[in-house]
Amino acid sequence: MSLAIFDLDNTLLSIDSDHAWGEFLLEQGAVDPVSYREANDRFLRDYENGTLDMAAFLEVALRPLAENTPEQLAAWHQQFMASKIEPHILPKGEELLARHRSRGDTLLIITATNRFITGPIAERLGVDELIAVEPEVVDGRYTGKVSGVPSYREGKVVRLEAWLEDKEFGLEDAWFYSDSHNDLPLLEKVEHPVVVDPDETLRAEAERRGWRIISLRE
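So the mapping is simple: my numbering equals the position in the sequence shown, first residue as 1, plus 5.
Using 16 Å as the maximum straight-line C-alpha spacing, the simulated EDC-like pairs for lysine to aspartate or glutamate come out as follows:
{"#": "1", "residue 1": "K89", "residue 2": "E32"}
{"#": "2", "residue 1": "K97", "residue 2": "D202"}
{"#": "3", "residue 1": "K194", "residue 2": "E166"}
Simulated from the structure, these hints should not be mistaken for lab results.
Assemble the whole structure, with the sequences as input and the hints as a guide.
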């Protein structure tokens, strides 16, 4: 049995779920149509360029969770899953999950997107283990702040190592699938790094290192 780790956005999904949630909120009229759209698009570009200010991003991204009731958020998320996520789940991604599952591997999704957005997505994909950005909750309501270390870049390694502390396995013979150069710190840690429909920076690095490159879209 091995550990099979998967990035989510643009790996198992053909979109970035965090950006898609922002687009959904704009469609609902839940956020400012000008400033929020500009920020949502800018943060995605910064992420793709490897220049994302995670603290500034989370301040904007988590604010709508604090400004709305849990009931409203849950209702929105159901609509979001149906309209934005379900059409972008990659069948070949589900096949890859199934192959690792049939081998008895432990499946883990690790993502820089927050748990409110990604928890139901991981559940839909049949993946029980999830490491995500943790929005702070006090008295049943989101505060708009983050709890703990964000699972972004080196933070993914920090969070994964903490998660592994009480497990009977480690990164020996572990797999990690990702599309993004932001995940290089974790790709370097596993025995089986696999690059999935990569950005240009990651493709060049994977070719230099001789890492396997696959597509879940073709």
